Every structure is written in structure tokens, then in C-alpha cells.
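Using the sequences and the accompanying hints, generate a full structural model.
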Amino acid sequence: MKYPYGIYDFKEVITENYFYCDRTHLIPMLEKAGKSILFLRPRRFGKTLLLSMLENYYDIKKKDMFDKLFGRLKIGKKPTELRNKFFILKLDFSCVDSNGSIQDVKQSLYDHVNDRIIDFNEYYKELLPSKAVINPKNALSSISSLLSVVKIN
Numbered sequence: 000m001k002y003p004y005g006i007y008d009f010k011e012v013i014t015e016n017y018f019y020c021d022r023t024h025l026i027p028m029l030e031k032a033g034k035s036i037l038f039l040r041p042r043r044f045g046k047t048l049l050l051s052m053l054e055n056y057y058d059i060k061k062k063d064m065f066d067k068l069f070g071r072l073k074i075g076k077k078p079t080e081l082r083n084k085f086f087i088l089k090l091d092f093s094c095v096d097s098n099g100s101i102q103d104v105k106q107s108l109y110d111h112v113n114d115r116i117i118d119f120n121e122y123y124k125e126l127l128p129s130k131a132v133i134n135p136k137n138a139l140s141s142i143s144s145l146l147s148v149v150k151i152n
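Sequential numbering of the sequence shown, starting at 0, is according to numbering that gives the first Met the number 0.
A couple of the hints might just be wrong.
Computed list of lysine to any residue pairs in SDA-like fashion (alpha-carbon distance at most 25 Å, straight line) [claimed, not checked]:
#1 Lys84 x Lys105
#2 Lys124 x Asn55
#3 Lys89 x Ile59
#4 Lys46 x Leu90
#5 Lys105 x Val132
#6 Lys46 x Gly5
#7 Lys67 x Leu88
#8 Lys60 x Lys1
#9 Lys62 x His24
#10 Lys84 x Phe38
#11 Lys1 x Leu49
#12 Lys10 x Phe85
#13 Lys150 x Leu50
#14 Lys10 x Glu30
#15 Lys89 x Ala32
#16 Lys150 x Lys67
#17 Lys124 x Lys136
#18 Lys76 x Asp8
#19 Lys62 x Lys150
#20 Lys31 x Lys84
#21 Lys84 x Pro128
#22 Lys10 x Arg71
#23 Lys10 x Glu121
#24 Lys61 x Lys77
#25 Lys61 x Ser129
#26 Lys89 x Ile151
#27 Lys31 x Thr79
It should be emphasised that the hints constitute simulated quantities derived from the structure, not laboratory data.
A quick note: this is a predicted structure, and the numbers were derived from the prediction, not measured.
Below you can see the structure in the form of C-alpha cells.
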């Protein structure tokens, strides 16, 4: 039995047959819990792997992989209506450089958000009518553009 120590990618854990403690039966409870959920757990407690699992479950572009990834898990036997229904924008704020002036930190945050929107544009290009417009000086403007593009779809 292989243990996925240091592996945070759900798809890799499942496809490479690592041990996985199935907690997918909690997805329906998460869906009923409300719009904002906060996961407070210590370091190395599985938060990133949990988010990766949820990303694979909800990502509209991964619909064709659902059986391969979730078929042996509890949620695979009784999926919710929301499975593979969403566009996923991944943000990792640990990548934002917190050194320097407030303006430096702000620009680092904007750069990170804009880079993720560029990745989003590329990843979902066949599903979206157009690309979000990137504003290097104002990531909120970029997010507004992204929301407009997704809303059209």
C-alpha cells in the first residue's frame, strides 16, 4: 500500500492507487452548509488534498473523468446534482509575496490573481465565448471581466 505523503493532487492519488481515506460522503453536507465555508485545520492535515478533491468533483471540464476518479468512492455511487457543474478559479495566496511596501504586496496579489485568470482563460477556452480582460493595475477589474464572461456562458 502506497501512502500519498506530500501529494496534494487528488487525481494523482486516485489514478496512481495511493491510499485514500474516503470522505466524499461529506460532499452533500458541504453543499447544504451554506455559501461560505471555512476549513480550520493544522498544517499537513489534508486541506489542500480536500480542495483538490472538490475541484475534481465540481469542475465542469472534468465531467468525463468522474467515473475514473470517483467511481469507487461513496460519492461516485450517489453523486449530487452539482457534480461537474462549475468553472473553478484556483487561488493560492501563499504565492503572494508579503515583503516590501503595501503597494508591493498589493501588486504581488494583483499579479497572482491576474496570472490565475490567464490560466483560467486558457483552461476553459473551449467552453467560454471570450476571454476575460486582464488589468495589470487592478485585479478586481480583471475578476469583474471574468465574471462577465462566465455569466454569458
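We went through each hint and held it up to the structure:
1. In summary, the hint linking Lys84 to Lys105 is not supported, as the alpha carbons are separated by about 32 Å, beyond the 25 Å threshold.
2. A C-alpha spacing of about 18 Å is found between Lys124 and Asn55, which places the hinted pair at or below 25 Å, so the restraint holds.
3. With a C-alpha separation of about 14 Å, the suggested pair Lys89 and Ile59 falls inside the 25 Å cut-off, and the hint holds.
4. With a C-alpha separation of about 14 Å, the suggested pair Lys46 and Leu90 falls inside the 25 Å cut-off, and the hint holds.
5. With a CA separation close to 19 Å, the supplied pair Lys105 and Val132 stays within the 25 Å bound.
6. Between Lys46 and Gly5 the CA atoms are separated by roughly 12 Å; this keeps the pair inside 25 Å, and the hint holds.
7. Distance restraint check for Lys67 and Leu88: the Cα-Cα separation of roughly 23 Å lies within the 25 Å cut-off, and the hinted pair is therefore satisfied.
8. Among the hinted pairs, Lys60 with Lys1 is inconsistent with the structure: their alpha-carbon atoms are about 28 Å apart, more than 25 Å.
9. Taking the CA atoms of Lys62 and His24, the gap is about 19 Å. The hint holds against a cut of 25 Å.
10. Taking the CA atoms of Lys84 and Phe38, the gap is about 22 Å. The hint holds against a cut of 25 Å.
11. Our distance criterion of 25 Å between C-alpha atoms is met by Lys1 and Leu49, whose separation comes to about 18 Å.
12. Only pairs whose Cα atoms come within 25 Å are accepted, and Lys10 paired with Phe85 is accepted, the gap being roughly 17 Å.
13. At most 25 Å may separate the alpha-carbon atoms for a hinted pair to count; Lys150 and Leu50 meet this at roughly 24 Å.
14. For the hint linking Lys10 to Glu30, the alpha-carbon distance of about 21 Å falls within 25 Å, and the restraint holds.
15. Under the criterion of a C-alpha separation no larger than 25 Å, the hint pairing Lys89 with Ala32 is consistent with the structure, at around 21 Å.
16. Taken as a hint, the Lys150 and Lys67 pair is broken in the structure, with Cα atoms around 30 Å apart against an allowance of 25 Å.
17. With a C-alpha separation of about 24 Å, the suggested pair Lys124 and Lys136 falls inside the 25 Å cut-off, and the hint holds.
18. With a CA separation close to 22 Å, the supplied pair Lys76 and Asp8 stays within the 25 Å bound.
19. Between the alpha carbons of Lys62 and Lys150 the distance comes to roughly 20 Å, so the proposed pair stays at or under 25 Å and holds.
20. Restraint check: the Cα-Cα separation between Lys31 and Lys84 comes to about 16 Å, which is no more than 25 Å; the hinted pair holds.
21. For the proposed pair Lys84 and Pro128, the alpha carbon gap of about 17 Å is at most 25 Å, so the pair holds.
22. For the suggested pair Lys10 and Arg71, the alpha carbons sit about 13 Å apart, so the restraint of at most 25 Å is met.
23. The hinted pair formed by Lys10 and Glu121 meets the criterion: a straight-line CA distance of about 20 Å does not exceed 25 Å.
24. A distance of roughly 17 Å separates the Cα atoms of Lys61 and Lys77; the hinted pair therefore holds under the 25 Å criterion.
25. Proximity of Lys61 to Ser129 is assessed by CA-CA distance (about 20 Å); at most 25 Å being required, the pair is judged to hold.
26. For the hint linking Lys89 to Ile151, the alpha-carbon distance of about 20 Å falls within 25 Å, and the restraint holds.
27. Of the pairs offered as hints, the one joining Lys31 and Thr79 holds, with about 11 Å between alpha carbons and a cut-off of 25 Å not exceeded.
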